[in-house]
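Undergrad: Line by line, the protein sequences give chains A and B. Read the first sequence against this note's numbering and you will find it ends at 187, with the numbers running on by one and no gaps. Read the second sequence against this note's numbering and you will find it ends at 808, with the numbers running on by one and no gaps.
Don't take every hint at face value.
Covered stretches of chain B (chain A as the covering partner; in silico rule of three or more C-beta atoms under 8 Å from a C-beta of chain A) [what the hints assert, rightly or not]:
no. : region
1   : 419-429
2   : 460-471
3   : 474-484
4   : 508-515
5   : 563-570
Cut-off 20 Å, straight-line C-alpha distance, at most; resulting in silico cross-link-like pairs (EDC-like, lysine to aspartate or glutamate) [unchecked claim]:
no. : chain 1 : residue 1 : chain 2 : residue 2
6   : A       : Lys94     : A       : Asp65
7   : A       : Lys129    : A       : Glu103
8   : A       : Lys94     : B       : Glu444
9   : A       : Lys107    : B       : Glu444
10  : A       : Lys94     : B       : Asp421
11  : B       : Lys323    : B       : Glu444
12  : A       : Lys107    : A       : Asp91
13  : A       : Lys94     : B       : Asp468
14  : A       : Lys131    : A       : Glu116
15  : B       : Lys735    : B       : Asp683
16  : A       : Lys107    : B       : Asp516
17  : A       : Lys131    : A       : Glu103
18  : A       : Lys129    : A       : Glu110
19  : A       : Lys94     : A       : Asp130
20  : A       : Lys129    : A       : Glu92
If you are wondering where the hints come from, they were derived from the structure by calculation, not from laboratory data. Idealized CB from N, CA, C, for every residue including glycine.
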Amino acid sequence: MNKSVFRPFLLALLASTTLLSACKDDNEDPTPDEDNEQITTVTYTLTPTGGGTPVLVQYRDLDGDGGTAPTIGTLTLAANTTYTGTLALQDETKTPAENTTAEIQEKADEHLFFFETSGTNLTITPTDKDKNNLAVGLTTQAVTGAANATGTTGTLKITLRHQPGSKNGTFAPGSTDVEVNFPTVVR
Amino acid sequence: MLFRAPGHSWSRLTRWLPGVALLCALPLGQLAAQSVAPGGCALLLSGRVQDHESRGALAGATVVVLETQQATQTEPDGHYHLDLCPGTYHVQVSFVGFTSETVEVRLAGAVLRDFQLHPDAIALKGALVEGQHVNAPTPQATASLSGQALRQTRGQALGEALQKISGVTAIQTGPSIFKPMIHGLHSNRVTILNNGVRQEGQQWGQEHGPEIDPFIASELTVVKGAASVRYGSDAIGGVVLVQPKALHDSAGTGAELNLVGMSNNGLGAASGTVEGNLRRLPALSWRVQGTAKRAGTMRAPGYYLRNSGFEEADFSAAVGWRKPGYGLEVFYSQFNTKLGILPAAHAESPTDLYAAIARRRPLETSGFSYAINRAYQHISHDLLKATGFVRTGTAGKLTATLGQQTDYRDEYDLYSARNADRAARNRPALSYSNRTTTGELLWEHRPLGGFTGSIGVAGTYQFNRYADGTRGFIPFYNNTIAGAFAIERWTRNRWQLEAGLRADYRILETRRGTRDTLGVYYVERREFTYVTPAASLGAIFDATPHLSLSLTTSLTQRAPAANERFSDGVHNAQYELGYDLVPGNGALGPETAYHTGLTASWHDNPRLNGELTLYQTTIDGYIYQRPILPPVINIRGTLVSWQYLRTNAVLRGLDLAATYRLASQWEVGGKASVVRGRDTQEDEWLFFMPADRAELSVRYAVPEQPTTRLTSRYVQLGSYAVARQTRVPADYAAKDYALPPAGYVLLGLEAGATVHWGRLPLNVSLAGSNLLNQRYRDYLNRYRYFADEMGRNVTLRVQVPFELSPRR
């Protein structure tokens, strides 16, 4: 039989399996998740329309999910005042920090912010529109009413809905990319 | 090169699809009767023919080799001998007053085959219960699916098919992902051997099914309960063996074609095998096999589950060189699948998750489609195996097995990246690869007195990583394991005793990328070593020719896996944290399992046959996940935080499978399984234990009529009942998103026959499941929070074996 032909062939096959295990990348270290899109920082800046010092509140979680808890600021506004609000979103795990606001602006027809307040006299209305004339919410008008009762604090919940191909002005379609709660008080 | 960077393209699946088409289009014209080489060979087939009842020798019984028409009669002491060529034969044994028996015998060397004939009074038929009593001489409860029982699962995923075996359930994710669970234990605690090689993939996800094409197997065997001495210290829950047929060892070429179609999700599957043995080179055998499967949107009663389609393409090839004194076999297989994920089940924010759970049906349903959109998983698995044996003369047999496998898992999120550059790159959010090399050297010594046994050494080297730039969830790790074991068995009369010992030495090195409080990235390196022992003691006692009792006890220590220690991140809107990362926890140690199982099997009875297994597994330092307060706040809201903890647990249960022959053509079958899992430290029930379940079926076999083209006709009516899981931890509503769903009863009907089409015997069956189109949800299905299970489904299965002409 053709034994002489088959023996080297089979030996080579056997040998190849043992060689395969030695790979040089086994001692590599993991690298930062550059392709992982995340948002670490949400900054809401409110400038009184009548002039004055802008008020700023921030959610910031530099180490990403888990680990150290995020730092969440408190929003303190003056009573019976109208503000112009702007939202800024960033990914500070990237170097330099990534400007998520610009990406949202570019795809405004896929994004919608919601502003819900409770326990405080604050009403927030988006003032910007996408190409389909639907609200976006990167710029807003915020109007405060009477001050909070002493010792009470309300909340402002800002939600970003990501709705590619399904945005219709309502909350339901798509998924939530941002949901942050700021303690809010009107003084 | 077998190890590529993860994030590879899907195109390699489509590239070889034409190959499958070719395989399926094998011309029927090539069919011819298989010719058997003429006599003159001298492989000895011998044995003894006995009365099954009295165990007395049957003198003068006739033994006929059907293929060659060689015949002989047994000697006064019941012995017979025949000289044959290597090959597979059907041997018929008959004796007046006894039922004739025909068995398949595969000859590669001398074969000893004893026969035990039954008195003629009542013909015995194969049991209806699919999980049949396996005569494997192991004290552990073992059940397997083969032959018709396996054919009845064709087209299903591996984990789905295994559920036919009592005591085996699955953690399910929709219609495509089934992770096997044995006696309430799963993932890291269940070892799967794919053609003799430990399957190594990404065990950490509940929605990660085994990456194996079940069409490879001619037999699926489940060892229930710890089998750690032989299969490694992870096998606390049990072992699944996916076993292909032995390679063709008689000259000629054979083929088999399986076709499956399902009405509910439009599943179509085709699997073909061609195998042969060269006439001029009888030592050389080969086989190629391929499977293509595609399913569209699954239909629950009243709506379609959007994006629930999946596709799969697999192939394998084997070549073997076999001589009486030595043999070598090389096997390669590749598994590729793409699985759509229900959008509701891919929620990344708790608000979305709760909204999806609150809905009676998913917000986004769809029409029927084969398209798979985001979110989806794309998995592939390569395995190259080489095994060889040498008969060491009088000393026994030495077998070496080497395996090299690589598992790739890419998970794509629901939406592509916001950033245009990133969206254009279209990379998966999670992209893992795992490369594992395994080796085993086993020496089986020749029988010495009543003793048989083996000793072996086994080694594993594993490297797990994720692709650069993707999200880390499980760290990079290197796992090096060296183990040694010995199993010895003593057989005398009606007793068999078995004892085994094993020790494993394991080094786990992890490299975890993380960020400090200022967001600065760094890599944390850790190294751990473990020595884990395993020991087992078992006995089998054949109380009567119809009743066997077996008892097994074992101790196993299992070292924790990397995911149990270092999971870190958000997966499906839940934050998961490994044990070592919980502040104040320290390093996680091994868990120790004490298993006891008692099996009673009554077999070869004219009417009632069955098997009952009772078991208890106590696990000290049981590693498990549970939600922990306070929740974790991230940018998407407040997340439930699942952490790995350790406690002490005890799992008890029973499996029952029995058949009863009502009349000559009627048989009733029943199966039941019960698992009770307690956390003995907290004194409460364990999470996610399978609910009690039972199955009842009636089968009618149509009497054979010699003139008809239809044989082996049967009709089977069955019902499957699962109770509501009420044994859950206290205050469960605060610990899970939804209470366990109500129990359910499903009705199924199946009919089948062998259709003789010319010389071709076609095995055809039609099976309907969930015939009443009931809405129901199952506690162990991860989609239960969002959607109902599959509605009515009718499956058509055709299996065609071919005998092709031998090569000249």
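Undergrad: None of the hints should be skipped; say for each whether it holds.
TA: Do the hints match the structure? See the list:
1. Note: the region 419-429 of chain B has 6 residues with beta-carbon separation from chain A under 8 Å; the three-residue rule is met and the coverage holds.
2. As drawn, the region 460-471 of chain B meets chain A at 8 residues by the rule of a beta-carbon pair under 8 Å; at three or more, the given contact holds.
3. As drawn, the region 474-484 of chain B meets chain A at 3 residues by the rule of a beta-carbon pair under 8 Å; at three or more, the given contact holds.
4. Note: the region 508-515 of chain B has 5 residues with beta-carbon separation from chain A under 8 Å; the three-residue rule is met and the coverage holds.
5. Taking a C-beta to C-beta cut-off of 8 Å, the region 563-570 of chain B contributes 3 residues in contact with chain A, enough for the three needed, and the coverage statement holds.
6. Annotation: proposed proximity of lysine 94 (chain A) to aspartate 65 (chain A) holds, straight-line Cα distance about 15 Å (limit 20 Å).
7. Using a Cα cut-off of 20 Å, the hinted pair lysine 129 (chain A) and glutamate 103 (chain A) holds, with the two alpha carbons roughly 15 Å apart.
8. Our distance criterion of 20 Å between C-alpha atoms is broken by lysine 94 (chain A) and glutamate 444 (chain B), whose separation comes to about 58 Å.
9. The hinted pair formed by lysine 107 (chain A) and glutamate 444 (chain B) fails the criterion: a straight-line CA distance of about 68 Å is larger than 20 Å.
10. As the CA atoms of lysine 94 (chain A) and aspartate 421 (chain B) are separated by approximately 15 Å, the hinted pair is consistent with the 20 Å bound.
11. Distance check on the hinted pair: lysine 323 (chain B) and glutamate 444 (chain B) sit about 18 Å apart at the alpha-carbon level, within 20 Å; holds.
12. At roughly 17 Å between alpha-carbon atoms, lysine 107 (chain A) and aspartate 91 (chain A) fall within 20 Å of each other, so this suggested pair holds.
13. Among the hinted pairs, lysine 94 (chain A) with aspartate 468 (chain B) is consistent with the structure: their alpha-carbon atoms are about 14 Å apart, no more than 20 Å.
14. Using a Cα cut-off of 20 Å, the hinted pair lysine 131 (chain A) and glutamate 116 (chain A) is violated, with the two alpha carbons roughly 24 Å apart.
15. For the hint pairing lysine 735 (chain B) with aspartate 683 (chain B), the CA-to-CA distance comes to about 16 Å; that is within 20 Å, so the pair holds.
16. The straight-line distance between the Cα atoms of lysine 107 (chain A) and aspartate 516 (chain B) is roughly 32 Å, outside the 20 Å bound, and the hint therefore fails.
17. Taking the CA atoms of lysine 131 (chain A) and glutamate 103 (chain A), the gap is near 15 Å; set against the 20 Å cutoff, the hint holds.
18. For the hint linking lysine 129 (chain A) to glutamate 110 (chain A), the alpha-carbon distance of about 12 Å falls within 20 Å, and the restraint holds.
19. Between lysine 94 (chain A) and aspartate 130 (chain A), the direct Cα distance comes to roughly 28 Å. Violation of the 20 Å bound is thereby established for this hinted pair.
20. A distance of roughly 27 Å separates the Cα atoms of lysine 129 (chain A) and glutamate 92 (chain A); the hinted pair therefore is violated under the 20 Å criterion.
Hint violations for this structure: numbers 8, 9, 14, 16, 19 and 20, all remaining hints satisfied.
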